[in-house]
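Q: Can you make the complete structure from the sequences, with help from the hints?
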Amino acid sequence: GESVGLHLPTLSVQEGDNSIINCAYSNSASDYFIWYKQESGKGPQFIIDIRSNMDKRQGQRVTVLLNKTVKHLSLQIAATQPGDSAVYFCAENRSYQKVTFGIGTKLQVIP
Amino acid sequence: EAGVTQSPTHLIKTRGQQATLRCSPISGHTSVYWYQQALGLGLQFLLWYDEGEERNRGNFPPRFSGRQFPNYSSELNVNALELEDSALYLCASIRVSDTQYFGPGTRLTVL
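One line per chain: the protein sequences are A and B, in this order. Counting in the working numbering, the first sequence runs from 1331 upward without gaps. Counting in the working numbering, the second sequence runs from 220 upward without gaps.
What the hints contain is simulated information worked out from the structure, not anything from laboratory work. Cβ atoms here follow ideal geometry from the backbone N, Cα and C, with glycine treated the same way. Accuracy of the hints is not assured; some may be wrong.
Stated by the list, open to error - Residues from chain B that keep clear of chain A, each with C-beta distances beyond 10 Å, as calculated:
#1 G235
#2 Q236
#3 G261
#4 E270
#5 P281
#6 R286
Said to hold, decoys possible - In silico contact screen, one side only, chain B against chain A (beta carbon under 8 Å); selected entries:
#7 A257
#8 L260
#9 Q319
A: Structural data, given as structure tokens:
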């Protein structure tokens, strides 16, 4: 079936290092992808998005890469900080009526 | 701009009771989505309301229902509560883009 999944449930990185969180999707018809950050006890917070006609998009300290050939999405966080510790979700959007979320990857930043 | 708000923050009920959760979307947003986030699981789509109408629902029993009011706020009702209904219930709103913005959630505990 269609799904969005994450390769690593938990990722530990040293403060200052770069983090890479990966996501695989199975529906090649998906045309819009979103990364969310969810801190403990809070709702998901939009980080960055990318449409299927793009391969890369950059934000402040974050970059999303999309590889449609292998249906893979990644979120790169530069110079990871303690405040980046959270669960990160990727989401696949086939139309704005339906969004499918992955389980999430927990990012732990080691001071 | 005020974000999506939800109330109450926490709700404790016993089996068989009914729960009512409320959501106010971002001003100008006409669509509201409800999700269930059980411990260790990804976001599960519950319901989608747009312009006062239910547009879609996820794979949940009929005891999960809701409505959207003329001011676009929304209510989620869960009847005949079961222990496995314990979860974080998230509301998200959207306007014309594909990005959903989430509220902080309501933590429902069923004893």
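Q: So, for every hint listed, does it hold in this structure?
A: Taking the hints in turn, this is what the structure says about them:
| no. | hint | result |
| --- | --- | --- |
| 1 | G235 | 27 Å, holds |
| 2 | Q236 | 24 Å, holds |
| 3 | G261 | 4 Å, violated |
| 4 | E270 | 13 Å, holds |
| 5 | P281 | 20 Å, holds |
| 6 | R286 | 18 Å, holds |
| 7 | A257 | 11 Å, violated |
| 8 | L260 | 7 Å, holds |
| 9 | Q319 | 6 Å, holds |
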